[in-house]
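Undergrad: Sequences are here, hints too, so could you generate the full structure?
In terms of numbering that gives the first Met the number 0, the sequence shown has 81 at position 82, counting the first letter as 1, and numbering is strictly consecutive.
Treat the hints as calculated values from the structure; they're not laboratory data. Be aware that one or more of the hints could be misleading.
Claimed, not checked - Taking lysine to any residue pairs in the SDA-like style, the calculated list, with each CA pair at most 20 Å apart, reads:
#1 Lys273 with Ala284
#2 Lys135 with Gln191
#3 Lys305 with Ala117
#4 Lys52 with Trp269
#5 Lys52 with Val70
#6 Lys76 with Asp196
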Amino acid sequence: MLKRCTFLAAAAATLLFSATSHAQYKDEYTVSTVLPSAFPWGQAADKWVELVKERSDGRINMKIYSNSQLVSGDQTKEFSAMRSGLIDMAVGSTINWSPQVPELNLFSLPFLMPDYEAIDAITQGEAGEAVFAAIKKRGVTPLAWGENGFRELSNSKLTIEEPADLDGLKIRVVGSPLFQDTFTALGANPTQMSWADAKPALTTGAVDGQENPLSVFDVARIDQVGQKYLTRWHYMADPLVFAVSNSIWDQFSAEDQELLKQAAVDAGQWEIEKSRSEIDETLAAIKDRGVEVTELTDEQREAFVKATQSVYGEWTPRIGEDLVKQAQEAVANRNQ
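TA: So, in structure tokens, the structure goes:
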């Protein structure tokens, strides 16, 4: 009898602790993204929210705020807002978070990753683990990788096949100094602005071109603002990161942490596979709208690689010599 009472008391205490723990959860958690559901980026966030709600039986509710609205449209402030607890969660860009996490500039090094296998070799290997550790150290818990895709170059002036073709072109770039250094090395005139300002600037001719994944070019109809020339040069890729503010992460039970993480992993894999499988269809749609698409040969691409080597000399010390070496070795050995 005593044993039975003891067992019942323990069970009641466990249930009470569990109820108390869950009672501390928010009614709703904010999830920040830059792009909405029309884009693969937004779809990645949608899938994460859907899986978490389903697997938690509705206990954990997440609401997406796209277009960087939680940081007044300034996507480069998203990480700081997460770190300070103003944003609970995000599916964020390595580019946008790089001002606060220097190691994330790894993915913006020009022509480091020539294909999907190279991206995977980095994100799924030791280099990817080191990057996640750097994010965690700075106040945000990374859970999984997603993908915004290879960033390709468009402009309204001419076909671009060699570095000299970029001479003097005004190119809109994101708020990362590394991008400015890359385009400066290529002879262009880079102009930093948020995505919210980019399309109006292209419309007025304040800038001549921009660089973004094909999905962004397609959905945002960049061809409608004079971008008639598109060069597929795969000069860098933009992995996405599913993440939670450390202060919020620590409030979840171990079981719910695992639930959130696995849901993020599954959502990320789903989005990556979906994005990659849709590239050919997206490219065909862009061509059908009259955009001239240039595919660089290996020799042409190599000319761009050589023209941007100075960027490595400038940025490798900031990113970390060991991390860059890890990534380069992963890429070199990706098919072995």
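Undergrad: To test your reading of the hints: which numbers does this structure violate?
TA: As far as the earlier hints go, 2 and 5 are violated by this structure, in ascending order.
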